[in-house]
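**Student:** Residue numbers (the working numbering), protein chains in the order written: chain G, 1 to 381; chain W, 1 to 199; chain V, 1 to 157.
Note that these hints are calculated values from the structure, not bench results.
Derived BS3-like pairs (lysine-lysine); straight-line CA-CA distance at most 30 Å:
| no. | chain 1 | residue 1 | chain 2 | residue 2 |
| --- | --- | --- | --- | --- |
| 1 | G | K194 | G | K354 |
| 2 | G | K170 | G | K228 |
| 3 | W | K44 | W | K138 |
| 4 | G | K205 | G | K354 |
| 5 | G | K228 | G | K355 |
| 6 | W | K126 | V | K143 |
| 7 | W | K189 | W | K138 |
| 8 | W | K138 | W | K126 |
| 9 | G | K228 | G | K205 |
| 10 | V | K143 | G | K311 |
| 11 | W | K126 | G | K355 |
| 12 | W | K138 | W | K165 |
| 13 | W | K126 | W | K165 |
| 14 | W | K165 | V | K143 |
| 15 | G | K354 | W | K126 |
Reference listing, derived: stretches of chain G covered by chain V, where coverage requires no fewer than 3 residues with Cβ under 8 Å from a Cβ of chain V:
| no. | region |
| --- | --- |
| 16 | 43-54 |
| 17 | 204-211 |
| 18 | 321-331 |
| 19 | 345-355 |
Quantities reported herein were computed from a predicted structural model and do not represent experimental measurements. The beta carbon of each residue, even a glycine, is placed where N, CA and C say it ideally should be.
Each chain is listed here by its residues.
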Amino acid sequence: MSEMWINMGPQHPMTHGLWNLRVHIDGEMVLDVDPEMGYLHRGIEKISEDRHYNEVVTLMDRCCYVAGLAWEHLYILSAEQALAIRPPERAEWIRMMSEEFQRLGSHIMWYAAFVQDIGLMSPFLYGMRDRDLILDLFQSYTGARMTYEYMRVGGVRNDLPNGFTDRARKVCDWLIDRFVEYDRLCLGSDIFHKRCDGLGTMSEKDCVAYGVTGPMLRSAGSRRDLRKDRPYSAYDRVEFDVATADGADVTARYLVRMEEMRQSVRIIRQALDWLDRHPGPVMAARVPRWLGAPYAPIGNEGYLLKRNYPKGLGLSAIEEPHGEAQAYTVNDGGEHPYRVKFRSPVFANISAAKKYLVGYRVADIPPIMGSVDVCVGECDR
Amino acid sequence: MSASAESRAAGKPVGAPLPVVTQAAVPFIEIETLRAKEFVPAAKEALSAMIAERGRGELTQPVFNWAGRNSLFPLHWGLACCAIEFAAAFGARWDAERFGVVPRSSPRQCDLMIVNGTVTWKVAHKLITLYEQMPEPKWVIAMGNCATGGGPFRTAYSVVPGVDKLVPVDLYIAGCPPRPEAMLDGILKLEELIRERKE
Amino acid sequence: MEAEFSAQVSARLGDRVAGIESFPGTLGRVRFRADAALDVFRSMRDDLAFDHLSMVGGIDWVDHREAFYVLWSDARRAYVILSADLPAQNPHIESATSIWPSANWHERETWELVDIHFDHHPDLRHLLMPDGYAFHPLLRSFKLHEPEELEVKTRNV
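Build out the structure end to end from the sequences listed, making use of the hints.
**Tutor:** Now the structure itself:
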């Protein structure tokens, strides 16, 4: 009688999205968990097979709605490899800067949602205030707050507007001061430490075996970061440190994300300096017509290009805010991708839930799952 | 300083005279008046007399509508992308709570369901259950293109093309996702709808 | 580095590997025989130090199916892609869950969407679609429709 299964979700303040955590409990102790996903499965991989290469970018924004530009970057890198197109250097730097701003936005969103879960209300207001500064920057050069559709195969859609770099520097200066405030609000609070210290531990060995990546892996002491280990875009030309922590618990994950945000600001400042000094094109010159303008009717010329286009495969892997994301694009010479397969870091992180939830109490589940940083859109795709 | 506060300051006993009950239109009610023992039966008597005189719908419906439209409690849940803009609307910049909109986590405390994202067939029956658990009167806002008609995912095998296939929708907000201003505008439009409501 | 790696793979696995293609950004794309899957997986993890399985996926090539695995090695700091061709009729391959626990959910998803059966999987049931969903949507024979088309079709039935 004392043992039972309960559902936390799909509508539950802990889930931050649509998924269901089935918990087997004995009193307050968690004996077993079984995450139930798929409530937001939108068939993005299938719809991509009916879309032109550039149209898939639209789906990527909605796929991970807190880190849209990072997922655009991920897909575009794999599509460019499959189509054998190289972007100009300035586009690479703009993409890298966008991804880092997106990492800031995603981590601040995580901070706002997570700290509210453990009972501190004001960090939500602070976090949403600062996230909006970043969204305003995005809006100034992509035109949208959340769904950008900014990157293209062979570059980015448009260059940065005049005066962008100065505005971005101001935002960086503002944010770097706010991180001190964030730390004071959380690390200076007894509630935070009592609810987070020593919870949800997972050793580095388990993390590797279960495919857990990103801040969760680095909080266990690992130094794995694809931006360092397998540099893409312009990450091999900027200086930054990999954020790590010891302890592998909720507090350690908090510390890793906070340090990552500081490193992101460092990368962005270098990127802005570079972008100031190097004007140039942001779109590759030799992009097939049916890629550059997918809505134009395909005439003879486009048809010929389509027929003669070489087949190819593309695998890209980026360090997304939640962890390592991968995209595998199969180009069979047609105008649509034959198959696009995505690897979501959240998918793998939740699949290991048994390892870091069993043995704790029911009230510990919200802080632990909050520290995982769940984004159901990319998990279910 | 109100009348009861003055009498309290002067040390007079509170609650003996009940001016509010005998008047027909009562904009504000003081707490002390409500606490008085005589208030409830007297108010009941006065109200029933007025109802008998003026007819039930004409008097009570505007009061209910006024109370309902100024304290819309939406269900606190996030379906997809629009949920992030939904959350942003409750942040410091837009502050949706100044319109009396406070998200509640239990459907039994809500009278407004904002469907903020793509609805899949897997979550469809759970959405209907949540809707049925909400007490009457209740309203539904379809926020964003996915909830309105499936949006970019309308062809997908797992997506409901529009939440109006499942529950009655009072208001649609366009956008993918709508900006927080659009969401607030939608809520104000819904308040106008509620003002017009008649049983 | 790629040449060294392909020499190592050939020495360890011999004829269980059908060929190694070069793949930019990784150590290569290793095509292996599906009936020797478990040997290949174990050798990859224990002998060649690929301790992290990133992704499992499937592709429907109409005349056959392909299962692919993306592995990462912390020691080598590099990816490798494993790929096995399976017949279109009753495609099945040994599950990698006993070697890499992270394969669990990826294989469930691949079985659900691409209809590749993973033998000896501990828990092969629906993950993304509801229980009892009868189709495998990522097969090429599964077509998408506009909702209006579907409505017309069901009304005519």
